[in-house]
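Chemist: Read off the chains here:
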Amino acid sequence: MAFIQIQNLYKKFGHIVAVNRVSLDIEKGEIVTLLGPSGCGKTTTLRCIAGLEKPDEGDVIIDGKPMFSQGFVPPSQRGIGMVFQNYAVWPHLRVFDNVAYGLKIQKVPRQEIKQRVAEVLESVGLAGLERRYPGQLSGGQQQRVALARALVRNPKVLLLDEPLSNLDAKLRERMRFEIKSLVKRMNMTSVYVTHDQAEAMVISDRIAIMEAGNLVQVGTPEEIYKKPANRFVADFIGTTNFIPGEVSQIDRDRKVVSLRAEFGKILCRVFDSAMVSQNQKVHASIRPEEIEVFVSPPKDKENLFKGTIMHRAYLGNFLYLFVNVDHTLIRIQAPYDIKQKEGEELFLFLNPEKCIVLP
Amino acid sequence: MSRGNLFISIILWAVLLLFVIYPLSFLIIESLKIAGTNQYGLQNYIDFFKDPYYLKTFWNTLLLGILVLITTTLFGLPLAYILARYRLKGKLIFTALILLPIVLPAYAGAFALIVLFGKMGTVNLLLMDWNVISKPINFVFGLHGLVFIQALHLLPFIVLSLSAGFTDIDPSLEEAAEVEGAGGFRRFLTVTLPLCSPNYLAGAVIVFLWPFTDWLTPLIFGVQDILPSTAYINIAYHFTDMHRKYMGIVSVVISSLICVGIFLASKSWVERKKYTALSKGTTLEGRIVEPHPWIKLISYFYMFLIGVLVLLIPVVLGLSAFSRRWVLQPFPTYWTLDNFKLIFLETPLLLKNSFLFSLIALIFGVVFGLPAAYLITRTKVPGKDTLDFIITLMLAFPGIAVGVSYLLAFWEGIPLATHWIIMPLSLFVRRLPYFLRMAHASYLQLDVSLEEASEVSGAGKLRTFFNISLPLLLKGIFVGLVMFFIMAFQEISTAIFLYRGGWETLPIGIYLNWHRGMEFGIAGAMAFLMIVIIFILLLIVARIGGGILGAAWGSSGGRY
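From first to last, the protein sequence lines stand for chains A and B.
Mind the numbering: the first sequence is residues 3 to 361 in the working numbering, read in order.
Mind the numbering: the second sequence is residues 135 to 694 in the working numbering, read in order.
Simulated from the structure, these hints should not be mistaken for laboratory data.
Hints may be right or wrong, so weigh each one.
[Unchecked claim] In silico lysine to any residue, SDA-like type, Cα no more than 25 Å apart, as pairs:
1) A:Lys56 to B:Pro427
2) B:Lys407 to A:Lys56
3) B:Lys407 to A:Ser140
4) A:Lys56 to A:Ala214
5) A:Lys56 to B:Trp428
Let the hints inform the model, and build the full structure from the sequences given.
Modeler: Have a look at this one:
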């Protein structure tokens, strides 16, 4: 049985459904990220796990114990650690007292508190700052205090609510790896909330993508990137080209579909051929780095189209091109040695293996 | 720095020098005079701390301050929490109601209390009628009555500042405590309350210092040995005994020093401990929760109780205003409009004076306050911080200090006290910081770039002020105007020293009618009229800029 089971969670704020029957299992020691744009319900889901929000329906089961259905378990009794978006470091307490707060409540012996606080501060790189007030720390340091405070009690579950969003870009990038290695070292089951896809890719074992209160897809970063469940996921994770078309032919055995697009026939893969039907309006999706570019047309290739370069940007290790194929603009990440200029022609090969059909 | 700014600065300094520093320095000089000689020295101060009577007065005042603070805190803390955190109906109206005592003159409340709880007041008469008691109980006369009425008057300061604190706390700070395992009460004690301490202190200082300012209420309750009351009696009634007069002035100076000292200490503490600026990205409405039905019931009951207490004052004054000879009867028996006839027909002078003086004081206030606010927030003129400091200090100065110093300075020195202009002038100086703080607060909220955009577009500074700043500041300024007017309208502690025949204001009229003893109906009618006028003004304020009022008294209340 999974360590955390989110079962059919439902929460409304006024008329707005914030979380719409979300179910998700999280294994012990796993880092799962709830990812989605703002307002998608990821933070509300997290706050339900913490008990800071009560769902209208559904339950959260932590380590076999229901948190809502058999009497509400308040946040203080759940044995969780949480890092808040704005750190929530208490300004009137010194770093030591901030971190030791929960241990004092648990009536841990004084000597042990000292030792454990020192250890955790050491591991987050704040050794020696015990006597400081939060007002005397930088944003990054406050963030570490919040992390130390959440970790010091060895909580069953660690919840992180956009913990890096207030840091500057450089620090944010470093902290991703730091948090991941720290949490993995302590083998802590963690739920991480963010709207930053790169952050989610780095930190998570699995990513759960949410949109407008619904859980859209759960999977490893690679699965999500390579096999997006729908257009929303494909668009949200990385960048992609959508080419609208109609299904003209379905080869159910080889899982290949032909589309009638504006500029011709496109062959695509489909992960689940039951998903598509004849004449259905769908989109073909292909990532900019997966389109191959030719100056002169190669022989015997399907899915080959001629286009005109509209914009060309040099980005050092590659070129970024916008190519007009019969009034459809296609983004391409091309090798930097392509010499063609804006207004000149190119041939694009949309590899049928990499081109996928999305409803 | 432009020449115009320097010019404004010089004029403002001149006004401060002439009307604040010059008279207040007189106070100190006078307190150093030794009676019967031409010498100066610290003898009066030494006498003050040697004389058991003055020492007792001194300690009494401190005790009163502490008692009033404890009472307001005990009653105000739950109320502030209820208002800030629970989802309840009628909270808005109740909040307006609870504001009432701030703007009502404290002495008006004292009269009402005597009518109701006095030795021959309603409660005692009823209890005797029902044979519960045979002799009247002393409910109000003495220290306990004084504590009660002052606490009622000052309760809003504690409630407003604390509830602003409870509202402003970043919710995640409390949620973090919850997650860390701290249940309700522990979380309140270890996180919520400490974080509110700057807000609390801001209100607490006003409360604690009030007994050092209010000389009239103690006298009404028959308590004389309170510092400002002693000072008043010594100065107003013993002008022939020079030593007693000087001792009175010493009392005023000592009260002022205590007020200013505590005010400054708390101000610096609050500024050092300002927590709110630290947290980022706070949520919308704080933490308003749906309380448990029992808690809800208790909250409503508590609000009702306080509401009744607050409303007692206008109701009792209203009853006595519309009745004749309400004495030795639990309730009025004879209803009449005679009291009002008397005011409107025979003494419209009082009303006219009150409006005229307050209005002129208001004009002084605007003419001084607006440029001062501009100078302090928008320029780098040297000395502007000192200017701000002195003006803010006037918040702490007891009214009696302004009154006495004006009497001394403009009677013997510059003979301004023979002209009625001294009345609005003293009102203006007494309430100097009120308008300024309000304008200041609005200025701080006004984004500089809006003004800069105007200047870049080619408008001069003056044109920018009239075309851009003034319209945007208008709401804040208007609330400042009305609040200033209300405070000037009910002012008595300064005016009582300066008025001469023909210059009486409504508050002075109330005092005189009470003083003469038999004219309680008229005093009641005047007080009632005053409450009505003030309440109408207050409604206008609440309607136009409730938020601003809250901002000025509450959340930015850390700056008083």
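Chemist: Taken at face value, is the distance from the CA of Pro427 (chain B) to the CA of Lys56 (chain A) at most 25 Å?
Modeler: holds, 18 Å
Chemist: Given the proposed pairing of Lys56 (chain A) with Ala214 (chain A), does the C-alpha separation stay at or below 25 Å?
Modeler: holds, 19 Å
Chemist: Between Lys407 (chain B) and Ser140 (chain A), is the straight-line Cα distance small enough, at 25 Å or below?
Modeler: holds, 18 Å
Chemist: Hint check: Lys407 (chain B) vs Lys56 (chain A), CA-CA at most 25 Å. Holds or violated?
Modeler: Distance of about 34 Å is beyond 25 Å: violated.
Chemist: Taking only the CA atoms, is the gap from Lys56 (chain A) to Trp428 (chain B) under or equal to 25 Å?
Modeler: holds, 21 Å
Checked against the numbered hints above, the structure violates only hint 2.
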